[in-house]
Amino acid sequence: GAGVSQSPSNKVTEKGKDVELRCDPISGHTALYWYRQSLGQGLEFLIYFQGNSAPDKSGLPSDRFSAERTGGSVSTLTIQRTQQEDSAVYLCASSLRGVGSNQPQHFGDGTRLSIL
Amino acid sequence: KQEVTQIPAALSVPEGENLVLNCSFTDSAIYNLQWFRQDPGKGLTSLLLIQSSQREQTSGRLNASLDKSSGRSTLYIAASQPGDSATYLCAVRFTGTASKLTFGTGTRLQVTL
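Protein chains in written order, with the working numbering: chain L, 4 to 119; chain P, 36 to 148.
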């Protein structure tokens, strides 16, 4: 498709389980971002990938969170041993180029994660 | 600390009115500022991006201005329509933390018939 695609759109799981969230960026976009949107916290940055460079993981809230980007395209965000405070909407964005450019970020519709 | 603030948090206007949404940021060292709209249950739709060297950008009924020295941006919506009802988010790419956008908490706009 033409836009950023995220799956699943909704995920409900029990506390303590691991979850994987997927993001397909816009074709040709070299930069990919993950953000989290939760009630009372607004939108917060999690991680940034740019080409083959080491990712900026400075926004990951704990070591239970990890992400990878295979082949410079698809990315997965993994949350291990989920906690109730992980409940949020996880948004992925991509841009044609990353830091230092003035390219807009384009967002997917997000994955709504609910931890029971 | 680099912060972005949006006032008001919510706004209701009758159809046809022109309106202004405000965004302020604490550090003038920015790459750019981006305005988004978010509909309920959806992701963010990019509306306008203003580079740090620019003063304004226009797209259709939307006009965004940037005053970097005073740390302010406004989004002007002309002749508002019910379809403009959404949450509007301002996001800044600060030069010191250029990997990310720092978001305001948004203004929830309702345009009534």
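Simulated from the structure, these hints should not be mistaken for laboratory data.
Think of the CB as a built atom: it goes at the ideal place given N, C-alpha and C, for glycine as much as any other residue.
Please note: incorrect hints may appear among the correct ones.
Residues of chain P placed beyond 12 Å of chain L at every Cβ, according to the derived structure [said to hold, decoys possible]:
id : residue
1  : SER47
2  : GLU50
3  : ASN53
4  : GLN86
5  : SER105
6  : PRO117
7  : LYS135
8  : PHE138
Here are the simulated DSS-like pairs of lysine-lysine, each with C-alpha atoms no more than 27 Å apart in a straight line [as the list claims (entries may be wrong)]:
id : chain 1 : residue 1 : chain 2 : residue 2
9  : L       : LYS20     : L       : LYS60
10 : L       : LYS20     : P       : LYS77
11 : L       : LYS60     : P       : LYS36
12 : P       : LYS77     : L       : LYS60
13 : L       : LYS18     : P       : LYS77
14 : L       : LYS60     : L       : LYS18
15 : P       : LYS77     : L       : LYS14
16 : L       : LYS60     : L       : LYS14
17 : P       : LYS36     : P       : LYS103
request  = List, from low to high, the hint numbers that the structure doesn't satisfy.
outcome  = Per hint list: 4, 7, 8 violated.
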